[in-house]
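Undergrad: Sequence:
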Amino acid sequence: AESFNAKIKAFRSQFRGVRNIDFFLFRLTNLFA
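Here the sequence shown stands for residues 178 to 210, where the numbers follow this note's numbering.
In case anyone wonders, no lab produced these hints; they're calculated from the structure.
Backbone N, C-alpha and C fix where the C-beta goes; we use that ideal spot for every residue, glycine too.
Mixed in with the good hints there might be a few duds.
[Unchecked claim] Simulated DEER-style distance windows between Cβ atoms:
1. F209 to F188: 37 to 47 angstroms
2. E179 to F209: 41 to 51 angstroms
3. L205 to K184: 28 to 38 angstroms
4. F203 to A183: 26 to 36 angstroms
5. E179 to D199: 22 to 32 angstroms
6. R204 to K184: 40 to 50 angstroms
7. F181 to F201: 37 to 47 angstroms
8. L208 to F188: 23 to 33 angstroms
9. N182 to F203: 23 to 33 angstroms
10. N182 to L202: 29 to 39 angstroms
11. R204 to A183: 37 to 47 angstroms
12. R189 to F209: 25 to 35 angstroms
Model the full assembly from the supplied sequences, consistent with the hints where possible.
TA: The following block contains the structure:
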């Protein structure tokens, strides 16, 4: 169970990082468009 929770935490933090990158690229394209 502990390793399962750790996997979920890692996946969620990774997913949040991807969301942040997408948002960052979205802001960049708006700035330079």
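Undergrad: Between the beta carbons of L205 and K184, is the distance compatible with 28 to 38 angstroms?
TA: Holds: the Cβ-Cβ distance is about 31 angstroms, inside 28 to 38 angstroms.
Undergrad: In this structure, is the beta-carbon distance linking E179 and F209 contained in 41 to 51 angstroms?
TA: Because 45 angstroms falls inside the window, the suggested range holds.
Undergrad: Between F181 and F201, does the beta-carbon spacing fit 37 to 47 angstroms?
TA: violated, 30 angstroms
Undergrad: Taking 29 to 39 angstroms as the stated bounds, is the beta-carbon spacing between N182 and L202 within them?
TA: Between N182 and L202, where Cβ atoms are some 31 angstroms apart, the hint holds.
Undergrad: How does the Cβ-Cβ distance of F203 and A183 compare with 26 to 36 angstroms: does it lie in that range?
TA: 30 angstroms Cβ-Cβ, so the 26 to 36 angstroms window holds.
Undergrad: Taking the CB of E179 and the CB of D199, does the distance hold inside 22 to 32 angstroms?
TA: holds, 31 angstroms
Undergrad: Holds or violated: the 25 to 35 angstroms window for the beta-carbon distance between R189 and F209?
TA: holds, 31 angstroms
Undergrad: Does the Cβ distance between L208 and F188 fall inside 23 to 33 angstroms?
TA: holds, 30 angstroms
Undergrad: Can you let me know if the beta-carbon spacing of N182 and F203 is within 23 to 33 angstroms?
TA: Given a distance of about 31 angstroms, which is inside 23 to 33 angstroms, the answer is holds.
Undergrad: If I claimed the Cβ atoms of F209 and F188 lie 37 to 47 angstroms apart, would that claim hold in this structure?
TA: violated, 32 angstroms
Undergrad: Kindly confirm whether 40 to 50 angstroms is satisfied by the beta carbon distance between R204 and K184.
TA: violated, 30 angstroms
Undergrad: Does the beta carbon distance between R204 and A183 stay inside 37 to 47 angstroms, or does it fall outside?
TA: violated, 32 angstroms
Checked against the numbered hints above, the structure violates hints 1, 6, 7 and 11; every other hint is satisfied.
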